[in-house]
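Here is what each chain is made of, one letter per residue.
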Amino acid sequence: MNLPKLLLLLIPIFFLSSCLNDYDKRARLDLKVGILENEWSSWQVVAGLAQIKEDSDKNTITLWAQAPAFEIELKTGSIQTAPTPLQLICHNCLATSQLKFISTSDSTPLIDQIPRTAPTEKQWNITNLQPDSQYVLQIGETQTGSELAYKVAFFSDIQKEGMQNVEDIFENINNYGDIKFVISAGDITHRGTSEEIEVFKEKLKTLEVPFYTTSGNHDVGWGEELAWQKYFGRNSFNFIYRNTAFSFVDSADATVAPKVYSWLDKWLEQSLDRVHIFIAHISPLDPVSSRQGSFSSRLEAHKLIGKLERAKVDLALFGHIHSYYSYSLGTIPAYISGGGGGNEEKLDGISRHYLVLNINSQQVKGIELVRIP
Amino acid sequence: MIYYLGFVFLQLFLTPNSIVNTENSTQNSPHPKQISTDRVNSKPGSGEPSKSLENKSGKISKIANKSNWTGPASIVPGLLISGSGQYVAGNKKAAKKLFFLNAAGMGLFAVGAIPLALSNSSRHLSSIAIPLALAGGFTILNSQFLDSVASFYLTDFLGKFPGKNPWFAVESGYFHVDDPQFSHEHFQKSSVDFNYRVLSTKLTWWKDYAAGTFKARTKLGFTILGTNPSESASLYSYLRLSSAFSWHKIPDEELKILTMELFFEGRYDHGSLDKAFSGTFSEFQFGYALESVKYNSGETYFSQGNTKDFLIFSYGFGWYLGDSRNNHAEMIIYYNHRQDNYAGGMELKVSGDGVAGYAGLKTRYFFSRDWGVYSDLHYGGGLGIGFGVIYRRIK
Numbered sequence: 335m336n337l338p339k340l341l342l343l344l345i346p347i348f349f350l351s352s353c354l355n356d357y358d359k360r361a362r363l364d365l366k367v368g369i370l371e372n373e374w375s376s377w378q379v380v381a382g383l384a385q386i387k388e389d390s391d392k393n394t395i396t397l398w399a400q401a402p403a404f405e406i407e408l409k410t411g412s413i414q415t416a417p418t419p420l421q422l423i424c425h426n427c428l429a430t431s432q433l434k435f436i437s438t439s440d441s442t443p444l445i446d447q448i449p450r451t452a453p454t455e456k457q458w459n460i461t462n463l464q465p466d467s468q469y470v471l472q473i474g475e476t477q478t479g480s481e482l483a484y485k486v487a488f489f490s491d492i493q494k495e496g497m498q499n500v501e502d503i504f505e506n507i508n509n510y511g512d513i514k515f516v517i518s519a520g521d522i523t524h525r526g527t528s529e530e531i532e533v534f535k536e537k538l539k540t541l542e543v544p545f546y547t548t549s550g551n552h553d554v555g556w557g558e559e560l561a562w563q564k565y566f567g568r569n570s571f572n573f574i575y576r577n578t579a580f581s582f583v584d585s586a587d588a589t590v591a592p593k594v595y596s597w598l599d600k601w602l603e604q605s606l607d608r609v610h611i612f613i614a615h616i617s618p619l620d621p622v623s624s625r626q627g628s629f630s631s632r633l634e635a636h637k638l639i640g641k642l643e644r645a646k647v648d649l650a651l652f653g654h655i656h657s658y659y660s661y662s663l664g665t666i667p668a669y670i671s672g673g674g675g676g677n678e679e680k681l682d683g684i685s686r687h688y689l690v691l692n693i694n695s696q697q698v699k700g701i702e703l704v705r706i707p
Numbered sequence: 453m454i455y456y457l458g459f460v461f462l463q464l465f466l467t468p469n470s471i472v473n474t475e476n477s478t479q480n481s482p483h484p485k486q487i488s489t490d491r492v493n494s495k496p497g498s499g500e501p502s503k504s505l506e507n508k509s510g511k512i513s514k515i516a517n518k519s520n521w522t523g524p525a526s527i528v529p530g531l532l533i534s535g536s537g538q539y540v541a542g543n544k545k546a547a548k549k550l551f552f553l554n555a556a557g558m559g560l561f562a563v564g565a566i567p568l569a570l571s572n573s574s575r576h577l578s579s580i581a582i583p584l585a586l587a588g589g590f591t592i593l594n595s596q597f598l599d600s601v602a603s604f605y606l607t608d609f610l611g612k613f614p615g616k617n618p619w620f621a622v623e624s625g626y627f628h629v630d631d632p633q634f635s636h637e638h639f640q641k642s643s644v645d646f647n648y649r650v651l652s653t654k655l656t657w658w659k660d661y662a663a664g665t666f667k668a669r670t671k672l673g674f675t676i677l678g679t680n681p682s683e684s685a686s687l688y689s690y691l692r693l694s695s696a697f698s699w700h701k702i703p704d705e706e707l708k709i710l711t712m713e714l715f716f717e718g719r720y721d722h723g724s725l726d727k728a729f730s731g732t733f734s735e736f737q738f739g740y741a742l743e744s745v746k747y748n749s750g751e752t753y754f755s756q757g758n759t760k761d762f763l764i765f766s767y768g769f770g771w772y773l774g775d776s777r778n779n780h781a782e783m784i785i786y787y788n789h790r791q792d793n794y795a796g797g798m799e800l801k802v803s804g805d806g807v808a809g810y811a812g813l814k815t816r817y818f819f820s821r822d823w824g825v826y827s828d829l830h831y832g833g834g835l836g837i838g839f840g841v842i843y844r845r846i847k
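Heads up: the sequence lines are chains Y and L, in that order. Plus 334 on top of the position in the first sequence (first one is 1) and you've got our numbering. Plus 452 on top of the position in the second sequence (first one is 1) and you've got our numbering.
For the record, the hints were derived by calculation from the structure and aren't laboratory data. Keep in mind that the hints are not guaranteed to be accurate.
Okay, the calculated bits of chain Y under chain L, using three or more residues with CB under 8 Å as the criterion [as the list claims (entries may be wrong)]:
#1 392–405
#2 525–536
#3 575–589
#4 611–624
#5 662–669
Remember, predicted model here, so these are calculated numbers, not experimental data. Beta carbons: idealized from backbone N, C-alpha and C, even for Gly.
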């Protein structure tokens, strides 16, 4: 075999191999989300529930929250002292969020809350951080009121077409009243670039509640490998709010990474007695079977459905298909809500929309379809 | 992609080093009768008669007027205008057939794909439009495969259907699955075939002894058109209505899957289309399957939410190699739209979801009247590699 023929053979092999295991890589990188080390400290957001970075002025730590409440482990070094005051900014936070130190190895630092500049932004000045100490900080609602019913909005698939006027959806959610936060199954952008995400984050300032999302196939794998994790955080994560577990799972490549399955197994086991809502971009099975807008393997689809069913998950939510579907995966009620404005499925009588989930401590009491006029 | 892989494969392993100076290979060609008068009497493209039309033995040589341009012409402009290679080769009759085959494929593809694209895969159109788009797309590919294979003179090295199918065959071998989602990996795979008049039956089973995964599938086919499975024929084409029933158990994931299928399947010997294409054939399947899954031990099949249907569609382009019952082979490069196999479907960057099935290459080689070997390599989300021995009885 001569060299040109060998190259001819290698091209498709390279093409095929380059398509492999993006999802594994994302899962590995998820583990690095929420970790920050600088000259005077090391920070770790527990379970990676927020993206964390240090601003260029070295006096400010900025967080992008992916959960209504989370904890941060902080270790200060012995050589260099913390800036005084240290400014901590949390974006995408609940308006009622508060910062507190729940564990310290030294005297409790002082917290001074600064008036917020945006509905989902919280800022605090922290002073009196001691060198060579360990702290655990908590950001979230002080009283969780796990028995209280609440509402959550869900929608996905904004993409290029929907980005122009996504503020309409945000305004509608703001006006609906009593929505605690928005959850999404991804495809926020068209190609997942930093520019697109920055545009979206700018528009997100008009939404008065936090927006928690996993990634979609349009958000990852198109070039800027780390953009999603840099701006939003983990692709797969889990949090608990008022006795409801929310498990966001990265299925953007029509599969779930084996590592993520191992996380999911733990999340399912930990929340057997809770209401459990599962969120992923691509549904394991397409309700219109011949279309196959679903996992690439039916066996894997059944593997996932089996896990969810045996753990008695209460609800499964997906995007990817730009319409609205109510169906079931095994015995689990499932919904697709891809009404963010991305190139819509035609002839379905449904345009831009979002869902409102009415949840109490026992169950998802009801799901309402809200159309955007 | 399949076309590209097929083309690469052809280029690497089947194209002779020089297609203009291999007189010996031509003399050994199984198709001396395929030399068309058009090819012999004129130099392609020039309109002039060839200077060397006969070899020393007095037989007409089809080497003499082979052109280096027919193969490339089947690619450019052949990828757009199918039949270009055969047109340059002077086989205008075959070129015309390929052109119309391609046009029919484009028509089918357009009827399926345009409504899909305009409606962004509407739920009301998908069940009809997707099979049409697939059928059209693979008809286009088939015409382009044929043009390339004939225009690169690969058919000179091909064989033909050996005349008859076995009435009984047993296959047994190893099947390896590379899929990190499941613990099963090493399967023993076996199958038994019976052919009787218009009926063909096949029982296949897969077993991974370590993981406990087991699958059994039985298929019954009824020949509607063409050659019966037990009949003698020089060209082997058929259309069957088949049904299949399978049961699948994956203990590690606590899954039990029951699948019922009803589909048409067929093979078309391209020698029927034109002698220039002798030695090649295409295969297809089209139908629907109903799948029911028990996710829990207490659950029953066909209860709420655990039963879904899916489309069955496959296409294959095949070659016969050798032409006697004692020494022949067939090789098929194929695409299967199903995703319920062990390798799953390919993960495509383009759509991001699992819209595609898997693609592969399967071969069967018989080195004696009764014995042979087989292999199957396919790529989806995972990889499947199988090989083993075949024992058969031919009446």
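Hints, one by one, checked against the model:
Residues of the stretch 392–405 of chain Y lying with their CB closer than 8 Å to a CB of chain L number 0, which falls below the three-residue condition for coverage. Counting residues of the stretch 525–536 of chain Y whose C-beta lies closer than 8 Å to any C-beta of chain L gives 0; at least three are required, and the coverage claim is violated. For a cut-off of 8 Å, the count of residues in the stretch 575–589 of chain Y with a CB near a CB of chain L stands at 4, and the three-residue condition holds. Residues of the stretch 611–624 of chain Y lying with their CB closer than 8 Å to a CB of chain L number 6, which satisfies the three-residue condition for coverage.
Coverage of a stretch by a chain is defined here by at least three residues with a beta carbon nearer than 8 Å to that chain's beta carbons; for the stretch 662–669 of chain Y and chain L the count is 5, and the condition holds.
Checked against the numbered hints above, the structure violates hints 1 and 2; every other hint is satisfied.
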